[in-house]
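Residue numbers (UniProt numbering), protein chains in the order written: chain Z, 1 to 335; chain P, 1 to 335.
Derived from the structure by calculation, the hints contain no laboratory data.
Mixed in with the good hints, there may be bad ones.
Stated by the list, open to error - Computed cross-link-like contacts, SDA-like style, restricted to lysine to any residue with a CA-CA straight-line distance of at most 25 angstroms: (1) P:K90 x P:E178; (2) P:K174 x P:E194; (3) Z:K244 x P:T100; (4) Z:K20 x Z:N112; (5) Z:K38 x P:D230; (6) P:K20 x P:T100; (7) P:K38 x Z:K20; (8) Z:K79 x Z:G120; (9) Z:K90 x Z:Q63; (10) Z:K244 x P:E285; (11) P:K6 x P:T142; (12) Z:K38 x P:Q231; (13) Z:K313 x Z:W288; (14) Z:K90 x Z:G120; (15) P:K244 x Z:R270; (16) Z:K244 x Z:L47; (17) Z:K38 x Z:W288; (18) P:K174 x P:M1; (19) P:K313 x P:P271; (20) P:K20 x P:S65; (21) Z:K174 x P:N226; (22) P:K20 x P:K38; (23) P:K20 x P:Q63; (24) Z:K38 x P:N226.
Number of protein chains: 2
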Amino acid sequence: MSDAAKQLIGTAMTSASVPKPFAAYAPSNIALSKYWGKRDHARNLPLNSSLSISLADWGSHTQVSPSDDGQDHVTLGGKELALDTPFAAKALRFADLFRTHAASAPLRIDTNNTIPTAAGLASSASGFAALTRAICGCFGLTETLSEAQMSLIARLGSGSATRSFWHGFVRWDKGTREDGADSFAHPLDLNWPEFRIAILPVDVGPKSQSSRDGMNHTVVTSPLFNSWPDQAEADCAAIESAIKEQDFETLGPLVEANALAMHATMQAARPALTYLTSESWTLLERLWRARQDGLRAFATMDAGANIKLIFLKQAATDVMEIFPQAQMIDPFSKP
Amino acid sequence: MSDAAKQLIGTAMTSASVPKPFAAYAPSNIALSKYWGKRDHARNLPLNSSLSISLADWGSHTQVSPSDDGQDHVTLGGKELALDTPFAAKALRFADLFRTHAASAPLRIDTNNTIPTAAGLASSASGFAALTRAICGCFGLTETLSEAQMSLIARLGSGSATRSFWHGFVRWDKGTREDGADSFAHPLDLNWPEFRIAILPVDVGPKSQSSRDGMNHTVVTSPLFNSWPDQAEADCAAIESAIKEQDFETLGPLVEANALAMHATMQAARPALTYLTSESWTLLERLWRARQDGLRAFATMDAGANIKLIFLKQAATDVMEIFPQAQMIDPFSKP
Numbered sequence: 001m002s003d004a005a006k007q008l009i010g011t012a013m014t015s016a017s018v019p020k021p022f023a024a025y026a027p028s029n030i031a032l033s034k035y036w037g038k039r040d041h042a043r044n045l046p047l048n049s050s051l052s053i054s055l056a057d058w059g060s061h062t063q064v065s066p067s068d069d070g071q072d073h074v075t076l077g078g079k080e081l082a083l084d085t086p087f088a089a090k091a092l093r094f095a096d097l098f099r100t101h102a103a104s105a106p107l108r109i110d111t112n113n114t115i116p117t118a119a120g121l122a123s124s125a126s127g128f129a130a131l132t133r134a135i136c137g138c139f140g141l142t143e144t145l146s147e148a149q150m151s152l153i154a155r156l157g158s159g160s161a162t163r164s165f166w167h168g169f170v171r172w173d174k175g176t177r178e179d180g181a182d183s184f185a186h187p188l189d190l191n192w193p194e195f196r197i198a199i200l201p202v203d204v205g206p207k208s209q210s211s212r213d214g215m216n217h218t219v220v221t222s223p224l225f226n227s228w229p230d231q232a233e234a235d236c237a238a239i240e241s242a243i244k245e246q247d248f249e250t251l252g253p254l255v256e257a258n259a260l261a262m263h264a265t266m267q268a269a270r271p272a273l274t275y276l277t278s279e280s281w282t283l284l285e286r287l288w289r290a291r292q293d294g295l296r297a298f299a300t301m302d303a304g305a306n307i308k309l310i311f312l313k314q315a316a317t318d319v320m321e322i323f324p325q326a327q328m329i330d331p332f333s334k335p
Numbered sequence: 001m002s003d004a005a006k007q008l009i010g011t012a013m014t015s016a017s018v019p020k021p022f023a024a025y026a027p028s029n030i031a032l033s034k035y036w037g038k039r040d041h042a043r044n045l046p047l048n049s050s051l052s053i054s055l056a057d058w059g060s061h062t063q064v065s066p067s068d069d070g071q072d073h074v075t076l077g078g079k080e081l082a083l084d085t086p087f088a089a090k091a092l093r094f095a096d097l098f099r100t101h102a103a104s105a106p107l108r109i110d111t112n113n114t115i116p117t118a119a120g121l122a123s124s125a126s127g128f129a130a131l132t133r134a135i136c137g138c139f140g141l142t143e144t145l146s147e148a149q150m151s152l153i154a155r156l157g158s159g160s161a162t163r164s165f166w167h168g169f170v171r172w173d174k175g176t177r178e179d180g181a182d183s184f185a186h187p188l189d190l191n192w193p194e195f196r197i198a199i200l201p202v203d204v205g206p207k208s209q210s211s212r213d214g215m216n217h218t219v220v221t222s223p224l225f226n227s228w229p230d231q232a233e234a235d236c237a238a239i240e241s242a243i244k245e246q247d248f249e250t251l252g253p254l255v256e257a258n259a260l261a262m263h264a265t266m267q268a269a270r271p272a273l274t275y276l277t278s279e280s281w282t283l284l285e286r287l288w289r290a291r292q293d294g295l296r297a298f299a300t301m302d303a304g305a306n307i308k309l310i311f312l313k314q315a316a317t318d319v320m321e322i323f324p325q326a327q328m329i330d331p332f333s334k335p
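Generate coordinates for the entire structure from the input sequences, incorporating the hints supplied.
Given below as structure tokens:
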């Protein structure tokens, strides 16, 4: 079956220029309406649309350059990686999508993530978005390919990377086509300067299951999953409306309910998949008590133990007082 | 619409004798396959069958006698209650189902629960079962009505009371009839002397939502609930099979998965319904770690924060070491 992303790359690469160094940046993002479950594993095609907020200057800086010694090189945070480490192998496998069309082009891929380690956020979304931009730049394709097209291509690396090509609110339409031609993201193109995010880091001991594996386990074994895709699609539409109306009192409860429903589908998987730990629940209980006392902040949680809060500027002081460990992000103060 | 329980009472009461004091006992029970969701609120008709283990000498002793001063009296634990307290009002409303057929018969209802307060278990199951037995005895109906018929009648007081008429494993068939004539319990009639239960009490501050309200909120608002009834019915059948084969390694994971799925339906309700607290999750995490180290014990949780464990006799020492607060029950050492 044809793949829209590979076709795009193939067409674009017919006009590729000689590789030259190109540096790109992509912000990380947090889904306010979650992506959970795939309809196609090879293409990372989702069962439902999702909507995220980008994390401004928390993201990935990636430079792709022609290698000067005929060998591929991958560095992360300034450190050269063996090519069979998971990070290097994934980056090069993604680069190979372009290189099947170019004369064998050894590359150097240098990545620096600016996400604080303590925040414990995955960097695959910003990583694959920045890598896509940088490879396209390296081969001289930034005029040929639009950001929407790059979003579609980045999907092959990581589903959530589709949403990391823009700042602010971004929606990834699930699409319906088998080849994935209509499954990419677009920005909502609105400013909400008062909108804030805080990350509440939660220590987890052993590495939890990857979101890729967790998603699959849930889809295959959770008796409650079959109700999720329709609800997630409805939530995504309602969350988009609330954002467009800047109606935080509608948005907050929807975002929290959507995240809890996603985690409920996992909790019902067999065996249960519990990314949230007792410490996560302690933080949620503190949030809910504070909300009874008037705090206007709501939680969202991904495939990990961290709690992320959304709130408006006027609640920032209270949030910091109740959660001194919070790492605050102002998503509309562009870097 | 006719009600099978009321019809049974009506027919039986035509042969009622003069009220005389009658004392009855009923054990509490813990569902291993959960009841969550009603198809008929007035009749407490469930959307799915359920299966429980009775708690031996943890239960309710109730005596019903003719009152000697022409007034109703209700005592609980030896203390006389005002007739408008919730406990007294519920007991008398239930007694009224019988008294519509008798000459106005003022009654004295004395209840003593033997469930340790620290165990934090609800007593409505054993309470309504013991009350049903005692009222039937008071009116001389114990020969007229079978235990299955009393189970059907007790359903009008509390759904889970249907399962408290026997020791050991008991199954409540959901039934399909509108009048509830086929919705009552029967014992599995097998001994499993090694089977053990432990209650791990969890402190909760303010009273959590009643299971009646919680159930309704979940059915009405949880987008994941519609997948529950079929799964619960399948779980109930699988759990019954595992019990009949005394196959603990099949039973344990099924019981735990069934409970987590029920709680997942609540967590997805809008707003979320979370009977489990961070302390509950701490206990579950401790259990899961112990299981990785070889402990064969599994958890089940109801409309409250407590964790209940099931295991076999040979794991009892380890359970007590890992959970020193555990209150152990030996359900087949009949009182």
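Checklist entry - Which of the stated hints cannot be reconciled with the structure, identified by number in ascending sequence? => result Numbers 2, 3, 7, 10, 17, 19, 22 - these are the hints that the structure violates, sorted from lowest upward.
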